[in-house]
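Visitor: We have chain A already, so just place chain B on it with the hints.
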Amino acid sequence: MLTIALDPKLQDTITIFLGIIVEAIPFLILGIIVSNLLAVFIKQEWLLKLVGKNRVLSHLASALMGMIFPVCECGNVPVTRQLLAKGLSVSQAISFYLGSPILNFVVIASTISAFGGQPIIIIARFVGGLIIATLVGIILSFFKDEDQFLSKAALAEKEAEHDHAHHVVKDRFKTLFRRHNLQLAIKEFLEMASFLAIGAAIAAITQTWIPRDYVFALNSAPILAITAMIILAVIISVCSTVDAFVGLSYAAVLSPSAVLAFLLYGPMIDLKAISMLLSTFKPKLVVILISLVTVFTLIITLGLSASGY
Amino acid sequence: MAIKQKFQNLMKYFRNLLSLILALGLVGYLLWLSASGRLALYVAAGYFTFNLIVAAVWAFVLFVALVEKAWPKVAKKYLVICGLVLLVCVLAPAKPLSSVTANNRNLNIGANLNPSTEEISPLLERDTKTLRVVDWVKLRNYEANFTKYADKEVQVSGFLFNSRPANAEQGSTADSVYDSEDLLIGRFVVTCCAVDATPIGLEVKQSELLKNFKQDDWVQIKGKWEQVETNGETFLIINPSSVEAIPVPRNPYE
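Protein chains in written order, with our numbering: chain A, 187 to 495; chain B, 1341 to 1594.
Bound-form chain A, shown alone (with noise of 0.2 Å):
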């Protein structure tokens, strides 16, 4: 085997870059899998009148429709997607989007026995959660156009689904491995698989280069020191099954809000996550999505913090 010798700061940098990666992509394939078998086994109608009509309730199952997927938020781009081409409107496969790397039973555990001694932030994590990707969702489905918001390549997928949706599926397990679903699989697998890589190259150079005590050194004020966990989430980008154990570590330091902050944010927005985003939809709509997201875990930690917590 080669043996290069590397600066020691540019060593760590790739092996966590390969960290991330190693650890994302069988998730990234878990959420491509999951997608395909969505693909073939749900029928649109089932889906369509389980998410319903009605503008709350449609954006609230779909963020509770996380529930059912295990998926965190490297594999739910796919399934976000393949919702898309079921029919899901834009605001809704967002409340999705947003709601599943929180809510799936994976995350929902390893919180719990991460945080067992502060059910607030089980309990806070879990409803602001929910609260978030639905208001969200709610507040997207007041765009007229929301298929604007689709970047090309989705737009054109969700269009060549339609067609597909009329026929009927005979044998579906056969179908999973027809030649054109396993090109588009494999397609979107070196697709996703790039975004990610871009994120987690990002992440690891913020990680080595820039030393998290700058982070810290805002830690007097509650809203410097939630405002620092959001970017730490961001940057470090850690899955959402585990990121409760590293929340964990910062909770001997830091206030149960500012953890929470890390908590909500990190799932929703991160820079694999963003990166992963643009793979699907619009800049623009990634934009939006990022600043809602903010202000609402901004306004539900500091309403914590001004509980006392």
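Only part of the chain B face toward chain A is listed, based on derived beta-carbon distances under 7 Å:
1. A1363
2. W1398
3. A1410
4. V1414
5. I1421
6. L1437
SDA-like cross-link-like pairs, simulated, lysine to any residue; straight-line CA separation at most 25 Å:
7. B/K1417 with A/I388
8. A/K195 with B/R1378
9. B/K1417 with A/H366
10. B/K1435 with A/L192
11. A/K470 with B/K1417
Rough simulated footprint, nothing fancy, chain A against chain B, three-plus residues with beta-carbon under 8 Å:
12. 1351–1362
13. 1369–1380
14. 1387–1394
15. 1399–1409
16. 1526–1534
Quick caveat, the hints were computed from the structure, so don't treat them as lab data. Glycine residues also receive a C-beta, built at the ideal position from the N, C-alpha and C atoms.
Guide: Relative to the frame of chain A, chain B by itself:
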């Protein structure tokens, strides 16, 4: 014209075939990491099985695609990025995280391990020589009176690093650790992957034995806990009786 057309078609064919090969390469890398044990450098042990199973399933899907000639049509830019990633995967030297990251994350070394009583009680019964760095850090965080371990024997392995305030100029890792202040023998605790690695460490007293060692050298230190007093605070520090170089362990993280 016809030849040009043929050539273009051939190029397209190769590009699509290349896409599948890149996908196979990435999953092959994951499988190779599992097989060679290198996975331990990047993710926590709890993920080994999941990683292997998903990679194997995906390898099967890609194999079917290969047989069915289902070459995906992927844009050039993604092929370039995936190619670069694969290149980094293959060329990256297999090394665990170093003192650079330990110092960068030197928030509060080890303060985040808050063990429960159930976790601690088996440790209390063991011979102190069998306790690892992480066990000692847990004990130190748990026990109100850690100094009672003074004069107890210690035998731990880890890498050497200097703990300095993160904003101070970081010394070159090529320097000997001898004479440096705040020398630690440490490990990283990893919950998920290298991204969340948290450094933990035990203070080591300076000694001639350390003369030939540098930061990031992996060593086994044998010695005894010694009580010292600085600025009115008493704490324990390892007084080494032997320091031996060891190879990087297969599972470098805790």
